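Chemist: Taking the hints into account, I'd like the entire structure generated from these sequences.
Take the sequence shown: its letter number 343 is residue 326 in the numbering used here, and every next letter is one higher.
Read the hints as simulated data drawn from the structure, not as lab findings. Honestly, I wouldn't trust all of these hints.
Computed cross-link-like contacts, BS3-like style, restricted to lysine-lysine with a CA-CA straight-line distance of at most 27 Å [to be verified]:
| id | residue 1 | residue 2 |
| --- | --- | --- |
| 1 | LYS39 | LYS96 |
| 2 | LYS194 | LYS233 |
| 3 | LYS(-15) | LYS149 |
| 4 | LYS142 | LYS(-15) |
| 5 | LYS(-15) | LYS233 |
All figures in this text were calculated on a predicted structure; none of them were measured in a lab.
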Amino acid sequence: MKQRITFLVKDPDSFTPEKLEVKDESLAMSAVEAVKEHRFTISLDELPAGLRRTLKQWNVLHIKWVSPNPYTTVPPFTSRATPGLHVFFSSHKNETQSHLCSLLHSTFGKELKCSRASPAEEVATPLFYAEEAERADAENQYFSYLPSLDGFVANIQEKICPQSSKTCRQDLQTLLKASYFDIDYSSTSTSIVLTAFFDSPPGGWTEDILKPSGVHTIEVGVLTHEPNPDPEDIAFGGFLTMLGRDTAPKATRFQTPTLHYPLSSSLSYTTSFQHPTGLHPTLQLSFASAKDLSPPDASCRLHTHLTLPSYLFIDQYQFSDSLFLSSHRLRALANISGATDLEAPDWVIPQWGSSALFEIAHPGPDSPIPAGPWNVSIPMHLRYLPAQVASHARVPVAWPVVFWACDAEQDGRGNPFDRRNLGYEGAFGDGVRFMHVPPAQGAELVEWIDVPVLDIRATGWVETGTIGVVVAAFLGLCWVLFAGGRKTKGDEKKKQ
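Modeler: In structure tokens form, the structure reads like this:
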């Protein structure tokens, strides 16, 4: 097993080498204000036999979880995805049924909407790709809002940690503080990669990274983001050390193109639903000032990617009207995939939901810039939910991501820190870089909608009344057939 721990200092001016201390058996740091990425590369031979058998049914499997709690990013960790659990996969062609739901329920919790009776391809939805885009290895997508990794940590602790090992359980417990967590597997690789990203804790990082035992190694880097004249490159400088081989830290500097870039402006966005929501809620994206919506480059186009649960859907036919689009400050519905049936209630939808990519309108260079915020609205529809012991059901809707898609001259896919397979890259051709608009700080990245449902407590009279009406109708029919029939025959005899 190999480990790579990377600290990206937020404020280079506040960092000094004195905050690091290299010892014989560890690397100690004190109050380092930085984001942290911890990556594990585990050989398949090191995994339990049962887990190896489970992985063999997949050609590729990318599991990505994102926290609903806001977090800051530092280049190159600037990519964004909708909060929740994402699974991107493709199974082997000879597999008649991949047990996706069994894997998710046993790993992350049984509350996920996923029918064990359905094949993975029926539960999931196809990923969309541009015709000119290079196809990624994953073909299908699954998503569910999952607020925390509590179930995952508890299940993994039970399966891999010995009862007497407190260290194993404590190490896994740290995942509960992660901002995002990825698991990446490919049948062409001999290993599985686990990556956890952490925002800087209050007061910075103060910890000892211990030298591993045996042949395992830990590569530790404490880096800062440095200015670079090439707009498509990002540059780093700092210190690297390899615990387990050579404890002497070495100064380093390197630069690389990247697929995901931060914005240099202060632009951010918030998400909300217009009230009252009813059964036809309207999602609203708000940018604090329209003047901040100037594209970073003339080739850039503003987009938002929505990942919607099955109980919420978009009527794609509405967005074929240019006047309708402009009234909501949208330019186009670029792509949509998944459960888009306009009439079906939620309990008959086998898929997890749908994903949609919109291009957002923004003030042009020659058009007047309106004062105040720039609001973009997206009309949606709610499906009927199953009856409950309540008059309303409270359901979550995770915030979408917002980004500029810009032309790029360099291929940024070779960056060792880039996060790939986020569900929307394939909708664009090759030679595109993404400049992400961060969500506004301070708010949880999920909205809640109160959906009216049939209250079981108030439906007792419906059952009784229905039975009464059926009985009355049956008795009335019997009277017509028998009593009414005899009366008619008597009348005929009298006439005769």
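Chemist: Holds or violated: LYS194 with LYS233, Cα cutoff 27 Å?
Modeler: At roughly 17 Å apart (the allowed maximum being 27 Å), LYS233 and LYS194 satisfy the hint.
Chemist: Tell me if the straight-line CA distance from LYS(-15) to LYS149 falls inside 27 Å.
Modeler: holds, 21 Å
Chemist: Given the hinted pair LYS(-15) and LYS233, is their Cα-Cα distance within 27 Å?
Modeler: Holds, at about 19 Å.
Chemist: Regarding the pair LYS142 and LYS(-15), is the alpha-carbon distance no greater than 27 Å?
Modeler: Satisfied, since the Cα-Cα distance of roughly 21 Å is no more than 27 Å.
Chemist: Hey, LYS39 versus LYS96, does the alpha-carbon distance stay inside 27 Å?
Modeler: Status holds; Cα separation ~24 Å.
Checked against the numbered hints given earlier, the structure satisfies every one of them.
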